[in-house]
Amino acid sequence: MKKKSIWPKVYLAFIFIVLYAPIFYLMFYSFNSGGTMNNFEGFTLDWYKELFGDKRLLIIVLNTIIVALLSAAIATMIGVIGALSIVYMRKKTTKQALLSLNNVLIVSPDVIIGASFLILFTMAGIKLGFTSVLLSHIAFSIPIVVIMVLPKLEEMSMSLIDAARDLGASPWDVLSKVILPYISPGIFAGFFMALTYSLDDFAVTFFVTGNGFSTLSVEIYSLARRGISLNINALSTLLFLFTIILVAGYYFIMQRNSRAAEAGVRK
Amino acid sequence: MNKLTRAFIAVFVVAFLLMYAVSELNGSDRKTAGNTLTIYNWGDYIDPELIGQFEKETGVKVIYETFDSNEAMMTKIEQGGTAYDIAVPSEYAIDKMKKANQLLPLDHSKLPNLKYIDKRFMDLPFDPHNKYSIPYFWGTVGIIYNKDLMKGKEIKAWNDLWSPELRNNILLVDGAREVMGMGLNSLHYSLNDKNKEHLLEAKRKLDELTPNIKAIIGDEIRLLMENDEAAVGVVWSGTASEIMWEKDNLEYVVPEEGSNLWFDNMVIPKTAKNLKAAHQFINFMLDPKIAARNAEYVGYSTPNQKALEHMPKDVVNDKRFYPSPEQTEHLEVYENLGADMLAYYNELYLQFKMHKK
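If you read the sequences in order, they're chains A and B. So for the first sequence, my numbering puts the first residue at 1; every next one is plus one. So for the second sequence, my numbering puts the first residue at 1001; every next one is plus one.
Calculated from the structure, these hints are not laboratory results.
In silico DSS-like links for lysine-lysine, alpha-carbon gap of 25 Å or less: (1) A:Lys55 - B:Lys1056; (2) B:Lys1003 - A:Lys152; (3) B:Lys1003 - A:Lys177; (4) B:Lys1273 - A:Lys127; (5) B:Lys1276 - A:Lys127; (6) B:Lys1110 - B:Lys1131; (7) B:Lys1061 - A:Lys127; (8) A:Lys55 - B:Lys1061; (9) B:Lys1270 - A:Lys127.
Isolated chain B (complex conformation) (with noise of 0.2 Å):
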């Protein structure tokens, strides 16, 4: 019983030690006790340093939380039981939120540093006006290829995939949106598009695809290309830039046909308590200088175009994962498709998955 006791106090103490250890490690912040700032973005998508220096500037003491999926957030906002006073979903998610009035309207009063933004990145179909969302980081859906093992043969467009030197060469993220969005593309139809019989020849044309495919998978896309596994791989443009930055020999194109847009974006959820501090931290990384910060830390593309003159010029020249607005004219921007339809593009995609070689 003795040995029971002193064990159990043992870690008592030692949990009350630490804990002592972790008041003490926050104590520089208890003087701004009251007027916190809930953060909740997805894991190392915002530069650190940027969150001390606003809280220096703003006296406001922000509580950064992350996420790994647009699911487990909106999970987590609908339930409550964290006072979120912003989150950062990706442009569908917003759309679904915006249906289950887990939004709350943005004062543009208030964010004075909104007209950095470039316009085409305003008023887009799954928020018009921006009432609810302002854009935080963009990019595009394309192909990543291996300049030596395409030996000097480069890819333009969706049809390219189609050659048959490039048999049992290609990865495929694993969307249903983003592969019925290639085939779709690649016959020059929109990829929102909702007519059966469009999507039925989409998803033939996939079909004849399935011999060049590897593999359709999801994050290990970054290890096989930078491994050499595969020549060609079709990915987001975040990341394709995050296998550029390790290996050279590769490129990334955004395909001719068309393609997606996708968008992250900061909002106020339903379940903001300090509407203040959300505001001006939404004002704060819409700043130039901090908005250039950011996108050189995080490595995607920002869409504030008065940041792009405080960057370096090779980036903010690089038509890869900043096109120019001809470019991006033919990109479109998902849909929400309604319940239905999102349905039966599954059930393609799926048919897809299953197809025999």
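Bound-form chain A, shown alone (with noise of 0.2 Å):
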């Protein structure tokens, strides 16, 4: 056998230290006694504690998840809906149309969604803050859903909901027992992007905040005029870990499901 080159490996782990690096460097800092990124002074945890003693900064770190989690539920939810229908749409004409609005909302920039959201709630009397954040970010990410949702969807064997419905199944059956199940790798990466959309997402939120609710991006970009403190660094450093073992959790649910897959294909 031929033996494999070094170099793609190097490559791969250039690649992965600049992408990696400024979280690290980051994450870094948050333990210096300094104060600022220029030169560690000393190992400290004096940022995680003010962080914890900030209350203001944990409402709004809970505030960001909250929203996250329900808007990334709700519009997986629509989105699924959305996706079903546009997959089972007959004519053609119609169902590109469909797709093409779709996309059209993701590659439009965010400070246009966001003002035209800003508008049509005022105008609509409905009160900044929460319900507002919530609503839009739900808007956002269902475009996102449906794209993550839809290749599944036509790998799909229509043959195989066509069985189902000769062994008898009803519609809803068909939904639940066939189509579901199928399209669940899709659904939840759906839900995962979703997630992460509204976790960062400043622009569009910047408009619908208001009455004392905000998010974690828009209150660390209200920070730069007098200087990011370290303290948001400590934070970051928990996001970032938080991420990673969601991502990680998600792995293995994952790999639990597939070996179990094989092993009822083995009996």
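Two chains, each in its own frame: build the complex with the hints.
Quick look at the structure:
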């Protein structure tokens, strides 16, 4: 067998180092007693203490997570229904048109979406705050979920559905016992995409926050004029670790499921 | 399907648990429901303990929100949707907000502590008789320089920047009014000059400065100055005090030809719902002891004369950040030039930025 060259591995390692270096740099300085990102003076956990002492910041972090979870979950439900109706659309032209409309929403600039939401909400008399942020996050997450779920649906063979119907399944059975289990990896992927989009969105959120309700990205951005304190580094470190745990958890669940599936086949 | 249902139920349960946690964290505030005050301020621009103290003293619940630019703040206020009771715009923004009818007049009879504000900073051109605004913090535009890199040479005036020794060593803050003002001041013109001849002259003078300029940038000046990347920077005094906080061998001067005097001011926007609490809060922040504590936290210069008595002597006597009345006399506040003139300033500034070395 031909010996594999080492260069691909070096290249890969290099790329990952470049991608992760800024994050580790930031994490490293969250332990700096010096108070700046310039020289490392000594190890301290003061920034973490300060972080947990700051009630306002904690509420903002929790709010950010709540909005992300709820908006991702609701957007996933609506998005899956949307994907189903797009895939099983009879007329090809309508299907194409709907898909394009969906994609336009993904590529259009956040600033425009945010500004239009602000105008809409103030005209409709919805008070800016939790509701307005949640609604707008659901809205911009739906197209993403649709895009994530569609390929799974399209790859599914129609004969599966025909077979199910032949064997006497009701339409509800077909949906809940055949289609949804089949596309569930797509659904989870859509959910996680929506979750991350919601967590880091600044532009749309900026326009629709108000009445004391704020999310993390808006809050951190507003610190720019006075300089960002190291407790934001501490916070970012914790959020990064939290994300890592989520990703690892997701990976293990997937692993277990695929092993279970294989075992099922062997039986 | 079961797996999906379980996963989604789990997500909702977690979300509602977190919501419960938030309401618990907010718990102590429920008693004062109804009597709230919404403050819209720059990020990290108030001592958070003071908000707690104000809540305790008055029983008003404070909702505190932050913004990062005057433009962003004006957009949110213009659109409505949030009942901001207090906002803190810079002086040029006040002029715009006044013209757009976004401000409510202040009731001076409810602000007895107003008498503590230094007379120098009252009744300024952007708001005659302080009808709409009360100064919150103030400062200057000036030159910060690195004593080591300057090898003992001092800078006192704008014209010192044109010295050939400073080749490729100057950082400018990226603002049309600031840079054009520097050109005008160096020729001893007013930085609100509307004479196009004078402006062209200033622009030509600035063009001569280009070999000395290393960069025209924003907040990055802080980092570059702290890392000895350049010897000289043209900055706002607030930025300067933050840089000097980090590093010792720096000096800040307000050029002797004159310079800009800027203000951030407390106003009550038209979205206000709780006028009583808004006045209470402004009056609270004008209290000398409170103003002194806030100034120590933020590190900018307070316009509250009485507050200076409660602050450390070495801060108050620092002529760089608390210039004497004689020094501030030849400093000018930006006046509204009108849209056409402002466009001309921007045009010249753009030409200057594109000028080849």
